[in-house]
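Q: The chain contents come next:
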Amino acid sequence: MKQFINSNLLSKENRRNSFRVIPIVEIILLLLLLVTPLFVSDFLTIIVTRMLILCIFAISFDLCWGFAGILTFGQALFFGMAGYAVALFANKLGFVQLWGIIPIGIIVGFIISFLLAWFLLLGKRAPEIIFIALGTLTAGYAAERLVAGWYWAGGGNGMSIYDFLKVGQFEIEPGVLFYYISASLLLIVYLVSRYLVRSQFGLVLAGIRQNENRLSYLGYKVQTYKAIVFCFSGAIAGLAGALYAHHEGFIGPGSMGIVLSTYVVLYGLFGGAGTLLGPIIGVIAIESIKFTLSDIDAFKSYWPVLLGIILLVVVVYKPTGLLGFIVSQRERIGSFGLIRRDVSDDKSIQKNENGVS
Amino acid sequence: MKLLEINKVRKNFGVLCALDDVSVSVNANTFHGLIGPNGSGKSTLLSIIAGAHYADNGSVVFDKNDITKTSPEIRARKGLSLKFQITAILPELSTYDNLLLSIQSSQSIWKLISSKSKGILHDKIMDALERFKLADRADTLAGELSHGLQQWLEIAMSVIREPKLLLLDEPTGGMSPEERRATGELLMPIKKTCTLIIVEHDLDFIKDICDNLTVLDQGKIVDTGTVEQIKLSKKVQEVYTTRV
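Protein chains in written order, with numbering that gives the first Met the number 0: chain A, 0 to 356; chain B, 0 to 243.
Hints are supplied without guarantee of correctness; some may be wrong.
Heads up, simulated SDA-like pairs for lysine to any residue below, C-alpha to C-alpha not over 20 Å straight-line [said to hold, decoys possible]:
{"hint": "1", "chain 1": "A", "residue 1": "Lys220", "chain 2": "B", "residue 2": "Glu72"}
{"hint": "2", "chain 1": "B", "residue 1": "Lys68", "chain 2": "A", "residue 2": "Arg124"}
{"hint": "3", "chain 1": "A", "residue 1": "Lys165", "chain 2": "A", "residue 2": "Ile45"}
Simulated restraints on C-beta separations [what the hints assert, rightly or not]:
{"hint": "4", "chain 1": "B", "residue 1": "Ser113", "chain 2": "A", "residue 2": "Ile128", "range": "23 to 33 Å"}
{"hint": "5", "chain 1": "B", "residue 1": "Tyr53", "chain 2": "A", "residue 2": "Ile128", "range": "18 to 28 Å"}
{"hint": "6", "chain 1": "A", "residue 1": "Val20", "chain 2": "B", "residue 2": "Ser113", "range": "20 to 30 Å"}
Just so you know, the hints here were simulated from the structure itself, not pulled from any lab data.
Just so you know, these numbers come straight off a predicted model, no measurement behind them.
Glycine included, each C-beta is placed from N, C-alpha and C at the ideal position.
With the sequences and hints as input, model every part of the structure.
A: Here it is, written out as C-alpha cells:
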C-alpha cells in the first residue's frame, strides 16, 4: 500500500502526540449504547432514549458551530417544525409509519434550513457571524410565536400524538425497541457526520473555521460550503424532531423556540464543540445532572440555578468543554492528508533518532 | 502578450485618495515589481487586483477577462493567487494539510466529500514541500513554524496552485538576509510558468528578481519601465531622495 508520508517527515512532538483518545471514547460510548437497556429499568430506558434523540439534535448543532463556524441560535426551528409535521401527519392523516416518519422529518428539516440558508448565507456578501446568530434566533422565535397562536396546530397547548409509531401493524411503544431504533439512528448520524468532517470536505471546513477570508482567496466558495453544512444539519435536526415528537407523544411551541435552541448550544459547548462526541457527552452530562438535581428535595426549586453555575464555570474556564480535558487540540482538529505511520516506520524513526541511517 | 491590464484605476478611502488614475500593464511570464514609499498605494493596487477591494473607477482586465467587479474566489479560479502581507496560513492545520487545502480548491464538492483527489495530489505536495524546504515539517502545525518558514509555506500555497498570475505582498518581510536570498532562489524557477507581481520594500531583492518595475508615490505612478530604466529615472530618484 502506498504510504502517504515517510516516517522521517513526522516531527518528534507529533510522534509523542500520536496517541489518540477519541477512538477509545467512541468504543466506550458504543458499548454503553449497546448494553444500557439491559441494566436499567423501563422508566430509565425511556429517559435515556430521550437523551439519544437529543444527542442526534446536538450533533446537528455541532456540525454548524463546531465545524463550519455558523453560530446558529435557531436550531430548534428545524427540530420543532419536523416534530409538528409528523404530529400533523399522525393526527390529520393517521400516518405513523416509521419508514415514512424518518424521511418526513429529514425533508422538513432540510427544506426549512435551505430556505433560511438562502436568506442568511447565500446573499451577495458574506454575512457577519452576528447576523446569522440573530437571524436564526429571530426565525426560531417567530416560528414559536406563530405556532403558539395557530389553533389548527394546537395553539399554545401543542399537539398530542395518540397513536404509537408503527412498522406495518406492529406498534413501537417507548421502551427498549424505541431505544434501539434511536440508538441505530444516532449511530448512523454519527458515522455519516464523522465521514463528512474527516473527508477533504472536512479539511475545507477546518480551513473556514480558522480563516474563511483566506479560503476565498484560494478559490473556495465559502458560503456554499457553509450552506451545505447548514442544510445537512437542518436535516439531522429534523430527524431528531420527528423521533422526539413520536417518542414523547407530544410536540409544543417550546420545542422550536429559544429555550431548546439555547440548550443545544449548551450541550455543544459543555461537552466540547467540534468533536461530534462532545455534544453527546454534553447531552448525557446536562440531562443527567438535570434529572438527578430535580429529584432531590433540597434542590427541587434551585436546580436550574445550580445547573447554570456548573455550565458557566465549564464554558468560561474550559472553552473546549469536558472532552477538552482528555482530547488535545491537535487530535480535535485531526489530520486530513497524512496516513499514520505503521510499525516498520516506527523502527526507521528510532534508527534516525539514534543517528543510524 | 499582456496578461494583466489595469486601466485608470481610482480608489478612495473616505477623503484619502489611495490610487489616482493608475494604469499598469504586465506581460505574461515576467516578474513585475511595485515599489514606492510607505502609503504610496502599492498594497492597495495589489488588493484591487486580488479582489480584496474594488476600484471606484477604471478597470482590471486579466487574461482578456474584465475582473473589475468579480469576487476574490472567482479571480482565484481564473488563475490569480495572492500571498498576503500579514502571513495568512491556517495555523491549526499541518504544513501538509495547508498545501492540500490550497491545491484542492478547483475540485468539485463531491470529489472533496469522497476524498478521491487526496492520493492523486500527494506527489505534487511532496515536491512542493521539498522545494520550499518544508519536507521535514510536513506533519508540524503551520502555526508552530518559524516566521520565515511560514512565509515560504504561504508562497508554496500560492505556487502549488499553478496560477497564471501570482501576487506577493512583501514576501520577505521579517526575514534575515540569508532567508531573503533563498526566497529569491525559490521564486526564480516559477518564471517559466507564471507571472509575478511583487510588492517589496527591499529594493536590492526586488531589483535582483524583477524584469520591470512600477514606482508609485501618493497614489500616482511616478515611472514604469525595466529595472535599468528605473535605476536611471530622475523622477524616481527625486521621490526616493526627497520622500524616503
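Q: Determine for every hint whether it applies to the structure shown.
A: Hint check results:
1. Taking the CA atoms of Lys220/A and Glu72/B, the gap is about 6 Å. The hint holds against a cut of 20 Å.
2. Annotation: proposed proximity of Lys68/B to Arg124/A holds, straight-line Cα distance about 13 Å (limit 20 Å).
3. Between Lys165/A and Ile45/A the alpha-carbon distance is near 17 Å, which keeps this suggested pair within the 20 Å criterion.
4. Between Ser113/B and Ile128/A, the C-beta spacing of about 30 Å keeps the proposed range 23 to 33 Å intact.
5. Between Tyr53/B and Ile128/A the beta carbon distance is about 23 Å. The supplied range of 18 to 28 Å therefore holds.
6. Our hint of 20 to 30 Å for Val20/A and Ser113/B holds, since their Cβ atoms are close to 28 Å apart.
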